[in-house]
Amino acid sequence: MSDLPKARIATASLAGCFGCHMALLDIDERLIELMKLVEFDRSPLTDIKRFTRRCDIGIIEGGCCNEENVHVLQDFRRNCDILVGIGQCAIMGGLPAMRNAIMHSDEPLRECLEEAYIKGPFTQNKTQIIPNDPALPLLLDKVYPCSEVVEIDYQIPGCAPTGDVIYEALAGLLSGRFQGFEREHIRFD
Amino acid sequence: MTQASTFETDQDQVALICERHQKDPHRMLDILRDVQDQFRWISRETMATVAGKTGLTQVAVEGVASFYAFLSLTPRGRVTIRLCDDIVDRFAGLPAVVEAFENALGIAVGQTSADGAFSLEYTPCIGLCDQAPAAMINDVVLTGLTPEKVREMVAALKGGKRPEDLISHRFDALSPYERAKRMVKNNVRHAGAVLLGPVPEDAGLMKALAQTPAAIIDQIAASGLRGCGGAGFTTGMKWRFAEQAEADRKFIICNADEGEPGTFKDRVLLTERPHLLIEGMTIAARAVGAREGILYLRGEYVYLRPLIEEVLAERRAKGLLGKAIMGVEGFDFDIRLQMGAGAYICGEEGALISSCEGLPGEPKTRPPFPVTCGYLGFPTVVNNVETFCHAARILDCGAQWFFDMGTEGSHGTKLFSVSGDCINPGIYELPYGLSVRALLEMAGGEDAAAVLVGGPSGTMIARDTFDRKLTFDDLATGGAIVVFSPERNILEIVEYYMSFFVHESCGYCTPCRVGNVFLQKAVAKFRQGLANPADIAYLKDLSATIIETSRCGLGMTSPNPILSTLENFPLVYSAMVKPPKDRIRATFDIQSAISDARVLAKRRSSIYDKDFTK
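Protein sequences, first through last, are from chains E and H.
Sequence positions in the first sequence follow this note's numbering and run 13 to 201.
Sequence positions in the second sequence follow this note's numbering and run 9 to 622.
Keep in mind that the hints were calculated from the coordinates and are not lab data.
Among the clues, some could well be false.
Straight line, CA to CA, 20 Å or less: simulated SDA-like cross-link-like pairs of lysine to any residue [unchecked claim]:
no., chain 1, residue 1, chain 2, residue 2
1, H, Lys-618, E, Glu-163
2, H, Lys-610, E, Phe-63
3, H, Lys-533, E, Arg-66
4, H, Lys-610, E, Glu-126
5, E, Lys-18, E, Gln-86
6, H, Lys-189, H, Leu-217
7, H, Lys-529, E, Thr-139
8, H, Lys-589, E, Met-104
9, H, Lys-618, E, Asp-87
10, H, Lys-529, E, Met-104
Which stretches of chain E does chain H cover? Using the computed rule of at least three CB atoms under 8 Å from a CB of chain H, they are [unchecked claim]:
no., region
11, 115-128
12, 161-173
13, 186-193
Looking from chain H toward chain E, a few residues come up when the C-beta cut is under 7 Å (computed) [what the hints assert, rightly or not]:
no., residue
14, Val-585
15, Leu-608
16, Asp-617
17, Asp-619
Yeah, the Cβ is synthetic: ideal placement off N, Cα and C, and Gly gets one too.
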């Protein structure tokens, strides 16, 4: 087993809450077994910022709400053989996509920012300024699920997915035998 | 006059309209149509008055008022111009006509002029494809429009003429039949033996009355007659089910809601053979034991309303409708005319019944089928105009005569409405079993590249299959044959028909309401050259889901424009497919996604604008 080259995994958190990354830790002691099979390349877990080489699996948490998300996602698509969307935000846009509900407006983005930084009933912003530092990436007109920006090979549903579901998916992908999930693992009612 | 008193008199008049319809909630569509005609819109106050009078909630009234395209919740112009937006009209020069209207009226499509004089809007197929481009102006229809005609018409209307005056300066003196003939050409290109040839008056009815109801049904069954609206259910069987149902009341409904784009055969029958139609309905009533009938006429054919009403009155006067028909004691039958209000879905049997009941035109859950539980829960026979006409002729000339025409499984003749790129668009009455090629030769459309048989919910075929036969077993059709020449863009046609289904879905079930939108977007992707090979599988997959899970015939057939072109014109799709670069979606356009933010932040993108520092 140890003679085989380890599979390389990269991960990224786009417009999400980092909860799915935390859920990776819910696979508990199986993490030790997993680490015998894989090594992490670009990922917030390793703090590697750029791909060091091509990866076998890319795991994406979160959807795309700004231009940097799109850039990172496209970079992952170019550098990973298999791209896996993890969690509701990556798959459907999730909570951030609630701003897509502002649709009957001529300027939905302005309306959204004003609600968040100026007009909202619980907003405390004495400067009455909407943040606009040049280092901030430009927002997209709406929040996009990852599959609308690049092709996604697999999706792991959940908010966040349970450790079991994540382990089942990763183990399946690594052995090349991933066939989808057992029904009871992806029921949420 | 003060504001308050206007309001009072307005609402008094609304109340009067309700009284005129016996304050009957089942006549809601009639009430709201009359309100719309009188006030040009239906206000909230009006809905409250109507609700109060009919004993319904205001939201129930609003549900009906907001469902139908010809009822409006905002004020419409005194002259409302509805341009037929069908693909055939577009190819026949609609864009220039639209431009002429917009320039002459000073408003865009979808707008009402500030003085409330004119409204301009689009409407789907109004059944005049053989004389496109066509438009409805209030209750009048105009055909073969050109920009010059439009400019003259608008000048005349602005000069104070009524829309009726555009048809003839002595419009009021003309008989309803002459008016219809002045407005619309029949274009009967080939008269067959059954319907459009010589037809003796009420001969079928006379023979029917000498027989028992069971014998009438036996004859219809033996003739092999099948429904002519498109689905092709055996008429004899339908009548027998209704005859066997035990009930206090039974109904005969004629479906004259001919909405399938490209179909206009019923329009010609209603103009030329209205007596034969009513005769057929009367025979059906005799056969199943019904005393009440409804003729549901689509809103687009309102110009035929006076003609139908005149025919009904004439038949009542002659004792052919009403009590003791033709002197037969105990055989009473009368028909009321129910006007539709611009909803394609109402051609579906269940939706049509809902509409007659004064409800929004939503299909009903089946079973139970209308033959046991239809209008108001009573056994109801719903047949197409052409089917009733055939039935009357079968009673006159015999089942065998009819059975011997056509082919095995498809007996008798059929009216085909041919339109599009051919020399002789119009109506052809021909026996079943003809090949598409033979029909094209008759119509002068031999150089066609594609023919749509049965309208958008039918099949689109290519040159190599023009030998296919027009029968129920091969190419089933309600009668629409739309011819497209080689210079037409197949994907443009498909996208138009998908947008038609998106518009006409009643919205009750999700697969149809949402699925058709997805299909339309996917076809648009192909047209823009942004589709990838997986999108073909996606089209097939999604279509299968919509067909499998929709509640009524609309959703079960709406993916047909896509499925039949995928099958018969595969190169049209594959030519537009590009493998994605780096598996990145071509449909996602980062430049348009960040354009709003660029404006708001007053800066350019450090990632996607190469010259962002400038």
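Structure-based check of each hint:
no. : hint                  : in the structure
1   : H:Lys-618 - E:Glu-163 : violated, 25 Å
2   : H:Lys-610 - E:Phe-63  : violated, 32 Å
3   : H:Lys-533 - E:Arg-66  : violated, 31 Å
4   : H:Lys-610 - E:Glu-126 : holds, 16 Å
5   : E:Lys-18 - E:Gln-86   : violated, 24 Å
6   : H:Lys-189 - H:Leu-217 : violated, 33 Å
7   : H:Lys-529 - E:Thr-139 : violated, 43 Å
8   : H:Lys-589 - E:Met-104 : violated, 23 Å
9   : H:Lys-618 - E:Asp-87  : holds, 18 Å
10  : H:Lys-529 - E:Met-104 : holds, 18 Å
11  : 115-128               : holds (count 5)
12  : 161-173               : holds (count 3)
13  : 186-193               : violated (count 0)
14  : Val-585               : violated, 15 Å
15  : Leu-608               : holds, 6 Å
16  : Asp-617               : violated, 9 Å
17  : Asp-619               : violated, 15 Å
Violated hints, listed in ascending order, are 1, 2, 3, 5, 6, 7, 8, 13, 14, 16 and 17; each of the other numbered hints is respected by the structure.
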